[in-house]
Amino acid sequence: MGTRVLRTEDPKFLTVGGTYVDDLRDERLTGAAWVTYVRSAVAHAKITGIDAEEARRAPGVLAVITGADLPLPPIPPQFGMNPGFAKPWLATDVVRYVGEPVAAVITEQRYQGEDAAELVVVDYDALDPLVDPRQSATDQQLLFPDAGTNIAAAFAIGDVDGDMFDGCEVVVRQDVVNSRVAPAPLEVRGTACAWGDDGRLTIWTSTQNPHAARDAIAASCGVEPAQVHLITPDVGGGFGAKIGTSPEDILVAILAKSLDRPLRWTENRSENMQAMGHGRAQHQKITIGGSRDGKVTAYALEVVQDAGAYPNLGAFLPFFTQMMAPGVYDIPNIAYKSVSVVTNTCHTLAYRGAGRPEATAAIERAIDCFAAEIAMDPADVRRKNFIAKDAFPHMTPTGANYDSGDYAGALDKVLAAAGYDDLRAEQKRRRDSGAQKQLGIGVSAYVEITNGAGPFDELARVEVHPSGDVTVWTGTSPHGQGHATSWAMLASDELGIPVERITVKHGDTDEVATGGGTMGSRSLQAGGVAVHEVAVLTVERAKSVAADLLEAAEGDIQLDKDRGVFHVAGSPDEVKSWPEVAAAAAAKEGTERGLVVEGSFTAQGATFPFGAHLAVVEVDTGTGRVDLTRVVSVDDAGKIVNPIAAEGQRHGGIAQGAAQALLEEMRYDPDGNPVTGNFADYGFITADLLPSFELVDMATPTTINPLGVKGIGESGTIGATPAVQNAVIDAVAHLGIRHIDMPTTSEKVWRAIQEGAAR
Amino acid sequence: MKVSLTVNGQRREADVEDRTLLIHFLRDQLDLTGANVGCDTTSCGACTVLVDGESVKSCTVLTASADGSDITTIEGLSPAGQLDHPVQKAFREKHGLQCGFCTPGMVMAAISLLEENPHPTEEEVRSGLEGNLCRCTGYHNIVAAVLSAAEAGK
Chain R
1 MGTRVLRTED
11 PKFLTVGGTY
21 VDDLRDERLT
31 GAAWVTYVRS
41 AVAHAKITGI
51 DAEEARRAPG
61 VLAVITGADL
71 PLPPIPPQFG
81 MNPGFAKPWL
91 ATDVVRYVGE
101 PVAAVITEQR
111 YQGEDAAELV
121 VVDYDALDPL
131 VDPRQSATDQ
141 QLLFPDAGTN
151 IAAAFAIGDV
161 DGDMFDGCEV
171 VVRQDVVNSR
181 VAPAPLEVRG
191 TACAWGDDGR
201 LTIWTSTQNP
211 HAARDAIAAS
221 CGVEPAQVHL
231 ITPDVGGGFG
241 AKIGTSPEDI
251 LVAILAKSLD
261 RPLRWTENRS
271 ENMQAMGHGR
281 AQHQKITIGG
291 SRDGKVTAYA
301 LEVVQDAGAY
311 PNLGAFLPFF
321 TQMMAPGVYD
331 IPNIAYKSVS
341 VVTNTCHTLA
351 YRGAGRPEAT
361 AAIERAIDCF
371 AAEIAMDPAD
381 VRRKNFIAKD
391 AFPHMTPTGA
401 NYDSGDYAGA
411 LDKVLAAAGY
421 DDLRAEQKRR
431 RDSGAQKQLG
441 IGVSAYVEIT
451 NGAGPFDELA
461 RVEVHPSGDV
471 TVWTGTSPHG
481 QGHATSWAML
491 ASDELGIPVE
501 RITVKHGDTD
511 EVATGGGTMG
521 SRSLQAGGVA
531 VHEVAVLTVE
541 RAKSVAADLL
551 EAAEGDIQLD
561 KDRGVFHVAG
571 SPDEVKSWPE
581 VAAAAAAKEG
591 TERGLVVEGS
601 FTAQGATFPF
611 GAHLAVVEVD
621 TGTGRVDLTR
631 VVSVDDAGKI
641 VNPIAAEGQR
651 HGGIAQGAAQ
661 ALLEEMRYDP
671 DGNPVTGNFA
681 DYGFITADLL
691 PSFELVDMAT
701 PTTINPLGVK
711 GIGESGTIGA
721 TPAVQNAVID
731 AVAHLGIRHI
741 DMPTTSEKVW
751 RAIQEGAAR
Chain V
1 MKVSLTVNGQ
11 RREADVEDRT
21 LLIHFLRDQL
31 DLTGANVGCD
41 TTSCGACTVL
51 VDGESVKSCT
61 VLTASADGSD
71 ITTIEGLSPA
81 GQLDHPVQKA
91 FREKHGLQCG
101 FCTPGMVMAA
111 ISLLEENPHP
121 TEEEVRSGLE
131 GNLCRCTGYH
141 NIVAAVLSAA
151 EAGK
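Heads up: the sequence lines are chains R and V, in that order.
Residues 1 to 759 in this note's numbering are what the first sequence spells out, letter by letter.
Residues 1 to 154 in this note's numbering are what the second sequence spells out, letter by letter.
No lab work stands behind these hints: they were computed from the structure.
Do not take every clue at face value.
[Claimed, not checked] Quick list of the computed label-pair ranges, beta carbon to beta carbon:
hint, chain 1, residue 1, chain 2, residue 2, range
1, R, ARG134, V, ASP31, 49 to 55 Å
2, V, GLU116, R, ASN268, 28 to 34 Å
3, V, GLU123, R, ALA68, 53 to 59 Å
4, R, MET376, V, SER127, 38 to 44 Å
5, V, PRO118, R, ARG134, 53 to 59 Å
6, R, SER291, V, THR42, 53 to 59 Å
7, R, ARG424, V, THR42, 40 to 46 Å
Using N, Cα and C, we set each Cβ at its ideal position, and we do this for glycine too.
Put together the whole structure using the sequences plus the hints.
Following this line, the structure appears as structure tokens:
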């Protein structure tokens, strides 16, 4: 643990490439037909007719299925939300966003599907679109008359309208948009499946959450979960958007059954951008109050969450925004209120951070606004308000029980590594000389919750085979995180068997009995710890077998991890090797598998990683162009298993955070048409727009689990987003600018400069 | 129409629909699934292969127009399954990949970049790879890998 181990996954990816759903050449898919969805081209309309006759006559068409052909009730929303918001499998009466599936075309070949889908004519009678959630929250028009409201979920703590700011010397208010972004995994959604003669379904799908996907698919197909064999092939990124199983994926299995044909579906990028789901999308009102010496005493956050047309996980995420609202600060008075409202846009869901980046962005903007108001250095204001290092565990007014932390320590480290004083001096030089390129320095300090939503238990099975090779099964489901290497390291540490001899299996529901998948930065602290615990048990069991072989008491047996052999304490020369022990265990148990140990681990609760980021930008005050020149980050996630993998997680998160702050935004026009619905129009961040990142190590262990580990997957987006946004605003703050919403594009920055000059 | 091209050193003749994109020919007819389709606007570069030694987004090329060309895909770099090419090696050593989806295209783009400019600066690597998108790595370790491969090639 803690050593830099190169990934065992990589040789395949680098020689023949991964095997993603679209790459499958499995014989069970022989003769598979293709599914192509016809999608709504309008945001809100009554469907007055669907004419599929010409499409049905097109070459290769096996069927055109509309909602009327499906004897399935609509899909109710999760999390106890109002069933009136249920989503039809295929729209029948009303479409509610551009990209909503209206029909499924099944063709012999893939190209034929594209051709035939264009021949399906849908007649629409336009309805007024509701695109802005703030309007939708109060509008008379109900998008779902059955629901009786446009509000899908609401959360509150304290009274945002009360007297909490009475007595504050300074109160600052700011409206903030936490922009809607596209998760945009490089691999789009895809599913392939075949029903066997035995009535079992074999299905491959691109998911972060195999067992939940299996259960959802089984329920929708009307079979028991055991009748579904779900195989997760390589998954080309998820970022939260592949936690749930979309109706389009499930429908592939349903249609395969009714058509009695193996079927495949891979969406295209435009479909993915318009219909997979989006992240963030909050309108926030922040109010922060305190004294002129920099002490913050009250903070209120009001949120209007855009849930999109059919409320999904995104409607629930303001719960985590609420929980993390106070951030790293000891603020006595906190109030929060959110409503999640439906609009004629695509639904929102989890995207790397999922409700927590929104909380951090709000409080970190608030602190900067407060610092600007009292003309104090923003780093000093943070220091003055941090929860103290000796105050852990710390229960916040919003119900988060922070396990361990050293927030001032993280900030000090990042400021020292960045050379904060020198940066401020350089900034002053440029301001004094009126340089066209101004320097901006943005700081953020964060705490986040990982493994916050569970599931908290996770299964692991370790088998030491008579060959001396080891197989480890896990219920987590990696899609780039490198569990095959990191879980092998955890097993290797206990077993004394090299990583190269350990194979990690995941994502196949026939091979792994249960699993919680990979999301919410849970995998290491649930699944990784489970592997560790079961490996420890495996050694205990092996010692008992070795004791018999060595004719000694079990308590006297030692495992020499360097040599991978067992011996009696004090007699290192007479040994039993792992293969011998595994063979003996196999003989005893009457199995060829070897020594088999299965178990599970249940985490006591969530953990709270923390850190501080500093971003440096140059802003051309003539054009508004922003260049991100440095990101320095301290991300403390407790003990690190494989620094290579942990750093990779930080890099990717930082880039996605910077992307939202600088240029990525999923936009709709006032009629509800997506205007950034493909990769040509969406500002997906590219290599030339980013610097190399400067990572600083810090590791404060947690006592929540035996490894002392926390999650690292989402720290990057949580810390970097506000640091970069704050840097851009800081670069032009001397021009009278307090706030610029994300993304801080050249145009927005230029306009802010013009408005600043006009004041 | 009939086409004839060389793919990873092998002569291939095939009958393709006129509109067949090179990436679909490689993936669907030759089962070379290393290169991927990541977008529909020639933006992501996941489909990058070498055509006559130069990196090309194979979703932008009709198979017909590649008639007679010499194509190299990721599968052609190390036929024995080892990491024979210095760029492949560097991607592993620098952890220049996570989910792996952009990797085959990214590696081919990097090879082409280093052919043109064997000793690039970091900035040149970044601008050279600007047409290849990665969602996982933040490009940090990809850039490190390309610089390291360049260093190894000195």
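Kindly confirm whether 53 to 59 Å is satisfied by the beta carbon distance between PRO118/V and ARG134/R. Once the Cβ atoms are compared, 55 Å apart, the range 53 to 59 Å for ARG134/R and PRO118/V holds.
Given the hint of 53 to 59 Å, is the C-beta distance from GLU123/V to ALA68/R inside that range or not? About 58 Å separates the Cβ atoms of GLU123/V and ALA68/R, which means 53 to 59 Å holds.
Okay, ARG134/R versus ASP31/V on CB: inside 49 to 55 Å? 51 Å, holds
With 53 to 59 Å as the target window, see if SER291/R and THR42/V comply at their CB atoms. 56 Å, holds
Please check whether GLU116/V and ASN268/R have a Cβ separation lying inside 28 to 34 Å. 31 Å, holds
A range of 38 to 44 Å was offered for this pair. Does it hold for the Cβ distance of MET376/R and SER127/V? 40 Å, holds
Do the Cβ positions of ARG424/R and THR42/V conform to the proposed distance bound of 40 to 46 Å? 44 Å, holds
The structure agrees with every numbered hint stated previously.
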